[in-house]
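Given chain A's structure and the hints, the job is docking chains B, C, D, E and F onto it.
Protein chains: 6
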Amino acid sequence: MRNDGRRPNELRPLESIPDFLEQPHGSVLYAQGKTKVLCTASIQEGVPRWLYGKGRGWLTAEYSLLPASTGDRTDREASRGKQGGRTIEIQRLIGRSIRSITDFEALGERTLWLDCDVLQADGGTRCAAITGAYVAARRALDKFGLSKVFTGSVAAVSVGIVAGEALLDLDYSEDSQADVDMNVVMTGDSALVEVQATAEKTPFTRARLDELLELAAEGIEELAVAQEEAVAAPRG
Amino acid sequence: MRNDGRRPNELRPLESIPDFLEQPHGSVLYAQGKTKVLCTASIQEGVPRWLYGKGRGWLTAEYSLLPASTGDRTDREASRGKQGGRTIEIQRLIGRSIRSITDFEALGERTLWLDCDVLQADGGTRCAAITGAYVAARRALDKFGLSKVFTGSVAAVSVGIVAGEALLDLDYSEDSQADVDMNVVMTGDSALVEVQATAEKTPFTRARLDELLELAAEGIEELAVAQEEAVAAPRG
Amino acid sequence: MRNDGRRPNELRPLESIPDFLEQPHGSVLYAQGKTKVLCTASIQEGVPRWLYGKGRGWLTAEYSLLPASTGDRTDREASRGKQGGRTIEIQRLIGRSIRSITDFEALGERTLWLDCDVLQADGGTRCAAITGAYVAARRALDKFGLSKVFTGSVAAVSVGIVAGEALLDLDYSEDSQADVDMNVVMTGDSALVEVQATAEKTPFTRARLDELLELAAEGIEELAVAQEEAVAAPRG
Amino acid sequence: MRNDGRRPNELRPLESIPDFLEQPHGSVLYAQGKTKVLCTASIQEGVPRWLYGKGRGWLTAEYSLLPASTGDRTDREASRGKQGGRTIEIQRLIGRSIRSITDFEALGERTLWLDCDVLQADGGTRCAAITGAYVAARRALDKFGLSKVFTGSVAAVSVGIVAGEALLDLDYSEDSQADVDMNVVMTGDSALVEVQATAEKTPFTRARLDELLELAAEGIEELAVAQEEAVAAPRG
Amino acid sequence: MRNDGRRPNELRPLESIPDFLEQPHGSVLYAQGKTKVLCTASIQEGVPRWLYGKGRGWLTAEYSLLPASTGDRTDREASRGKQGGRTIEIQRLIGRSIRSITDFEALGERTLWLDCDVLQADGGTRCAAITGAYVAARRALDKFGLSKVFTGSVAAVSVGIVAGEALLDLDYSEDSQADVDMNVVMTGDSALVEVQATAEKTPFTRARLDELLELAAEGIEELAVAQEEAVAAPRG
Amino acid sequence: MRNDGRRPNELRPLESIPDFLEQPHGSVLYAQGKTKVLCTASIQEGVPRWLYGKGRGWLTAEYSLLPASTGDRTDREASRGKQGGRTIEIQRLIGRSIRSITDFEALGERTLWLDCDVLQADGGTRCAAITGAYVAARRALDKFGLSKVFTGSVAAVSVGIVAGEALLDLDYSEDSQADVDMNVVMTGDSALVEVQATAEKTPFTRARLDELLELAAEGIEELAVAQEEAVAAPRG
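Residue numbers (numbering that gives the first Met the number 0), protein chains in the order written: chain A, 0 to 235; chain B, 0 to 235; chain C, 0 to 235; chain D, 0 to 235; chain E, 0 to 235; chain F, 0 to 235.
Looking at chain A on its own, in the form it has when it is part of the complex (with noise of 0.2 Å):
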């Protein structure tokens, strides 16, 4: 029995605010028990200097935590000069997951920027990014007539080894006594794209491993579900 009452194969509970904000161009409000991201897409025209006349685009994606938002506040990175390894991590994370299901002909030579802000953190934010930043930059693309610049759909969940229990979408309770802990993003249509496992304390084997894998993969297909749901919201 976990703390919150879930079962090991049970997500906490998912909130979607699509259009939260009304001036970026695509926004969520995107919670997954108390972790909250907010995730925002912006359309630039233009490219990068070394992709012009390529007629191709390019994505960016950033993530931050805001310094409260771990209850201890932790310093904020534009007031230390720079961003942590940690934070550089988990863009370059965001970045591939969502690059992995874009067609780049199809988006031109425009930027696409996903803005990950985790204004509460409570385990999982990276996760929650990806899965936040998918639904934010598919109402951005439907706004703008650019449907056709996602070939699928992309979500991601951690998934990890308490106590000796395979558990699925940790919060930070479970992840900071996890002995393996493991990322996983996948497509709508449940094709992998990233797969990041990490024994936090003790090496681990290969059925763990696989029992992981088919934890993360159902938790997935709740999550693409909701994921469509939110983008078919009606504008705000």
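Please note: incorrect hints may appear among the correct ones.
With a straight-line Cα cutoff of 27 Å, these simulated DSS-like cross-link-like pairs (lysine-lysine) come out [stated by the list, open to error]:
1. Lys142(A) <-> Lys53(A)
2. Lys81(C) <-> Lys81(B)
3. Lys147(E) <-> Lys200(F)
Computed beta-carbon distance windows for the label pairs [claimed, not checked]:
4. Asn8(C) <-> Asp74(F): 55 to 61 Å
5. Lys142(E) <-> Asp71(A): 49 to 55 Å
6. Thr73(A) <-> Ile16(B): 20 to 26 Å
7. Gly107(D) <-> Lys142(E): 48 to 54 Å
Think of the hints as simulated: they come from the structure by calculation, not from any bench.
Quick reminder that beta carbons are idealized off the backbone N, C-alpha and C, glycines included.
Only chains B, C, D, E and F this time, still in chain A's reference frame:
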């Protein structure tokens, strides 16, 4: 007649959602028209090294615009590696404003962090940040039995001369065509804390300055009432 | 009675040495009491990239305290690797002040650089920098036949409430015990350009604000006279 | 048939020169095909401040590409003033990998520094860095009588899908056309430490993932043998 | 015959204004022709952490070119966010030169800061900085009863080969066409402290080097006399 | 008699491994005693923007100490976020030295990058970097049919006064107790390129300087011979 139908001395609609987040010590999502600022307050044990052992506390405010808050995306300061001049100027103003009502002996050797993250920007963000930060800070202090740290309340509002007329609470479209732009910070009992008036286009007269100060005082009276309601709202 | 025997509404002794240096386009060593600022003006052909081809010029002001200017040595910003918040705030103020009297069409596609380096600091350095920068800039513009770029003159002075009394042109010892501290920038024909009033200790009334504004206006009248003399001094 | 005539499940030629340098505590020049990494290990007394007095050690890994290592010169990170995202991601991976076999109580209040400098890059540099760092670290620990700090061995290898075929130990030309790219870190007794699989072009199936994991396990078995030889080589 | 009518072995006119500023512990405005350097010396209690408790002092020199000092404006290092290579090289040279005559035991646990800010640059600024820094430092040490800290005096001069002729004390126009450029630092009793000779265009012979060394020794003898006068000048 | 049994005028054993790496345009692993420097040369099409269209090339040298090269680990400059003063000074010296024999018209609009990475440091690293960089650069230029770019050869050696005796090619233990430390750069036909002499402890006489210059000239003659052998070695 203004764009959105307001009278010259009318504030935009105000909305405060106290305890918008559960994990920070205090939080409020504060909106004034389309301008939305997430203000959080964090109380940390300890003070900067140069204040050790003096029995007094410290207060630091930080401000940021989320990249997509402005519609056209603005670069993220954390990834550019430094805070811009405007950000630095604003967070210094927020800090001075709240310090003016803070009794640092009553705070004791603690640091009060105020984070003001602008989720959507439509003019008046620095003033909204001050008005909201007071609410977030009060709720955090009250929760920890530190209500006496604040000796009063403080709020801020922008005023300006647009097309020859003095207006209260400028939105972005008004602000960008103002001849004079002024931010006024006052306490709940109508004393001045900070006055910053700038001739954006042409120098102005004392009479104009006086007119704007009157308008600001009216606006702040209303803001102070809204603040007290938000401070008194039941715990989320 | 003030430390140095001045009346409340008396400026410190003023001294301007125009053409203190031979190589910059314009220069003045400007002293107000012990505060000494070396102001230089440089006119560069060309403007920043985003202004190309618009037929308008640009103006940038930079400010710095020499490390030993303050008696107790202050760290050099170039070796710390960034400008502090106070420096950034001040150089933005200097820039806005001089821009308020600048006709950028008349300047043409040129950049006017104003450098204000404080050789000795005894209070009021930002105001002295504005007053001196105007002189250095005027002399540089005159030398290049660009006298029409400035549509008037501009000067600045600090005022404040010290021990309950309104004083003009605070020195460092007065400034550090002031209850209210205010910097006023005005044109030579007595229009307001910038007003920045701050309650250092306790919030203040409108009446006090009015009193300080009167005092500042008096002081600036005298400064404007001194500026005109320095502008008109024979070439070195 | 691969470019260099290797079978799909064949590693490139391995070469280790332990004690390539005399001054570092441990060093090895480790080559896998044309990829050459100089790995050094340094044991410093003391730990970072936040670990003081807990009786536990610390481990930090750093990675860099020498500018000319890539044939076409890459900018030096020290002169650009910051480490790129790829570097940060890689050195975090090296650190986690070696930490998974490290007993920090046995290390005591010491810091183990691992430096992996790629002299020549031809694919698989992060894996070669892990494989080599283990050897350098073991030799340093053995020299100081700290052999018990490591609870096992660890090595890494890249695998990927190229033109539809699963290949072991990709060189640069293979890596740059791979559809799926995967790095696997395992202990000498075949437990998983880290799995990072990325769809470079198109999402992939579980079956493909399984195939790649098998291939990696085979490769790591061979690497573990080569590591033990290098660890046991006579002192230089 | 040189531009300004000097003989090959003639220094430019020297001028020292000791106590040019009142607040720093020691100061001199030192001019050699049009080159003008403001040198200040500050004595701080305490030393860097790694010198704690050893009974010895420390000395740090910093150098900067004011942006307009060069006629054509140079970017300000504080706003670019780092000191250039030339600056770093020069301030290291100034530091080494003054350290060569410093008795750190006699200084005790204090730090002597030397700041050399070039107000106007016309060649030879690093040498003028050394010559002036000695004077500022001596006056500061004498004021605090620390005269024994210096075991002698030190001065510097540039020499070079221009159009085939060996010249003393190059100005900017000479320096920029020199074939060989050399800076020599010597004590008041004619011992060498630092010799830096550089072939700007073509390698040079030992005979040329010897000729330049003679010329430098002559120049430094004169500089040492001027320094003693400035050191002995009555307090301002 | 020296530590390692050398005569005062004896170089340490020299070893050059040309083409130590296959991918850079030119490379040599150059050792002088325990000091080992990996020098690579890269020829890039194009020049910095300010040289466009002038038909001339450019040369940049970079230097770094690998963290563990010094036995006791030195912080990595890339992770500290800036190059130290010593590094900057050294890479400027390497650049000037090689430029002194470079015909930039013959190079054409290309940039020659020289990277000198010290794998192991035992004194004299800057001189070894110059001596090795010449070899790497020559081999790269020869490979591309650009042999005429160099108008001669250049090498460097350190000399110094240790315990009253003039010594050639100091190792680290000698260098750290030297009274005078001097680096001399000369061409293959015995002309001086750069002389940098520093009194580490006490100022020195002209006679001492002359003695050291003789010693250096002898050493460089031998180095020039070794360089020619390495340049002429068959392709790897």
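Check each numbered hint against the structure and report the violated ones by number, ascending.
none
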